[in-house]
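S.K.: Sequence:
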Amino acid sequence: MNFSCLDSLNQSSNPSLHYAMKVLSMYEDIGSVEFLKEDPKLLGTDIVNKITVPQSRIFRTSGTSGVPQKVYHNEETITFAVEALLDRIGRENYSSFCCLPLNHVGGWMQVERAFRTGGSVLFGDYKDLAEVDMVKILKHRWISLVPTQLHVLLNSSLGLKNLRSSIGIFVGGAELPPAIEMKAREADIPLWPCYGMTETAGMITALDSDSFLDHGSGVGTCLSHSRIKIVEGRFSIKSKSLCYRFGESKIPKNDWYETQDLGTFEANIGFRITGRTDRCIITGGEMVSPQVVESFLRETSLVTDCMVVGEEDNHWGQRVTALIILKSNARLDDLKKIARKSLTSIEYPKDWKVVEAIPISEMGKLKE
26 MNFSCLDSLN QSSNPSLHYA MKVLSMYEDI GSVEFLKEDP KLLGTDIVNK
76 ITVPQSRIFR TSGTSGVPQK VYHNEETITF AVEALLDRIG RENYSSFCCL
126 PLNHVGGWMQ VERAFRTGGS VLFGDYKDLA EVDMVKILKH RWISLVPTQL
176 HVLLNSSLGL KNLRSSIGIF VGGAELPPAI EMKAREADIP LWPCYGMTET
226 AGMITALDSD SFLDHGSGVG TCLSHSRIKI VEGRFSIKSK SLCYRFGESK
276 IPKNDWYETQ DLGTFEANIG FRITGRTDRC IITGGEMVSP QVVESFLRET
326 SLVTDCMVVG EEDNHWGQRV TALIILKSNA RLDDLKKIAR KSLTSIEYPK
376 DWKVVEAIPI SEMGKLKE
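Under my numbering, residues 26 to 393 are what the sequence shown spells out, in order.
Simulated from the structure, these hints should not be mistaken for lab results. Treat the hints with care, as some may be off.
Stated by the list, open to error - With a straight-line Cα cutoff of 27 Å, these simulated DSS-like cross-link-like pairs (lysine-lysine) come out:
| id | residue 1 | residue 2 |
| --- | --- | --- |
| 1 | Lys47 | Lys95 |
| 2 | Lys278 | Lys263 |
| 3 | Lys47 | Lys62 |
| 4 | Lys186 | Lys352 |
| 5 | Lys152 | Lys352 |
| 6 | Lys275 | Lys95 |
| 7 | Lys254 | Lys278 |
What the hints assert, rightly or not - Here are the simulated distance ranges between beta carbons:
| id | residue 1 | residue 2 | range |
| --- | --- | --- | --- |
| 8 | Gly309 | Glu53 | 53 to 61 Å |
| 9 | Asp280 | Val380 | 37 to 45 Å |
| 10 | Val78 | Arg141 | 15 to 23 Å |
| 11 | Val380 | Ser181 | 40 to 48 Å |
| 12 | Lys361 | Thr302 | 27 to 35 Å |
| 13 | Pro203 | Pro40 | 19 to 27 Å |
| 14 | Ala355 | Pro384 | 18 to 26 Å |
| 15 | Gln94 | Thr325 | 34 to 42 Å |
| 16 | Lys161 | Asp376 | 28 to 36 Å |
| 17 | Glu101 | Lys47 | 20 to 28 Å |
| 18 | Asp280 | His240 | 18 to 26 Å |
| 19 | Ser29 | Ser181 | 45 to 53 Å |
| 20 | Ile385 | Ala355 | 35 to 43 Å |
| 21 | Ser37 | Ser370 | 55 to 63 Å |
A virtual CB, placed ideally from N, CA and C, is assigned to each residue, including glycine.
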């Protein structure tokens, strides 16, 4: 098996290296691979014939709610996803420093891009970027991060130096808070905010770094293989990289696929993500957007991070609850007073919980 897409600088003991080698070896068997957390699994012919097409890649969703579902991709959808990204970035090959888990689309697609274009992947922990001078290594590489990882690196002088040395940093998987966006721009970090999902084999929109640094915001415009329409604030997508099967349901090739994502579109600006329908809180018969409350709390400069959730309540149905990490010199009472003046009575949290960490998954998703 040709492992040339796996960089020679990889440490032989790196778990991600072994994971990638196993998957690439399975590709030789023309089998379908299920990307499980601990190890990839080659599906038997009997299973393949029943539910998949040859050489399927089967991932699990990592959404904010509900039971994870299997998402089925094939050679065609993966190819469209890779080619559309190359069209946007204007390059013939793709090399990266990969610090996302390979059982998720955000991690594995970096291997697919390198494998198909003659590039290479170097595996590591995102914290390496804050601890090791990697400027020479990153000079011709892309990086993909989720906002929580980016937040950590923006507070490290070495992290900033390393990020600036890369070709660009794709950031997605979750909403990019305005404070992090502003800090990255002020630090001259070549961010490429993007939007995509497991069902589309990764990103279907992207904002280029030049536009980002020139005060552009949002997640840019559609890549060449995709379209988005907005119906009552909700995104529906049509993409050549859309999975052919989701759980027990087959996905018609040319139909619009309705997502849980809410957003807007403005000419000359592009798309913005404003929230998700499956995170909305229904309290006292009214709807509250957690993202609106979270954005306000972050803008007070009294919290390091926060998360707003709906907890079951016999009277309200759900009560708005704020999980917050206070800054060292901040007081909860002061935060409550500011929030009371600015938020509506429905938006104002009925419960406040000071925590040491926000429950977030390895791909930056909120674990409610």
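S.K.: Would you mind marking each hint as holding or not holding in the structure?
M.R.: Hints, one by one, checked against the model:
1. The straight-line distance between the Cα atoms of Lys47 and Lys95 is roughly 20 Å, inside the 27 Å bound, and the hint therefore holds.
2. Restraint check for Lys278 and Lys263: the C-alpha separation of about 9 Å stays at or below 27 Å, so the hint holds.
3. Restraint check for Lys47 and Lys62: the C-alpha separation of about 13 Å stays at or below 27 Å, so the hint holds.
4. The hinted pair formed by Lys186 and Lys352 meets the criterion: a straight-line CA distance of about 25 Å does not exceed 27 Å.
5. Between the alpha carbons of Lys152 and Lys352 the distance comes to roughly 22 Å, so the proposed pair stays at or under 27 Å and holds.
6. Among the hinted pairs, Lys275 with Lys95 is consistent with the structure: their alpha-carbon atoms are about 12 Å apart, no more than 27 Å.
7. Only pairs whose Cα atoms come within 27 Å are accepted, and Lys254 paired with Lys278 is accepted, the gap being roughly 17 Å.
8. The beta-carbon spacing between Gly309 and Glu53, approximately 58 Å, falls within the hinted interval of 53 to 61 Å.
9. Checked against the given bound of 37 to 45 Å, the beta carbons of Asp280 and Val380, roughly 42 Å apart, stay inside it.
10. Range check, Val78 to Arg141: Cβ separation about 18 Å, and the 15 to 23 Å hint holds.
11. In this structure the supplied range 40 to 48 Å is violated for Val380 paired with Ser181, their Cβ-Cβ distance being about 23 Å.
12. For Lys361 paired with Thr302, a C-beta distance near 28 Å keeps the hint of 27 to 35 Å intact.
13. Roughly 35 Å separates the CB atoms of Pro203 and Pro40, a value that falls outside the hinted 19 to 27 Å.
14. Hint check: Ala355 to Pro384, Cβ distance near 21 Å, so the stated range 18 to 26 Å holds.
15. Between Gln94 and Thr325 the C-beta distance comes to about 37 Å, which sits within the given range of 34 to 42 Å.
16. For the hinted restraint 28 to 36 Å between Lys161 and Asp376, the CB-CB distance of approximately 50 Å leaves it violated.
17. Between Glu101 and Lys47 the beta carbon distance is about 23 Å. The supplied range of 20 to 28 Å therefore holds.
18. Hint check: Asp280 to His240, Cβ distance near 37 Å, so the stated range 18 to 26 Å is violated.
19. Evaluation of the 45 to 53 Å hint for Ser29 and Ser181 yields a failure: the beta carbon distance comes to about 32 Å.
20. Separation of Ile385 from Ala355 is about 21 Å and departs from the stated range, judged on CB atoms against 35 to 43 Å.
21. For the hinted restraint 55 to 63 Å between Ser37 and Ser370, the CB-CB distance of approximately 60 Å keeps it satisfied.
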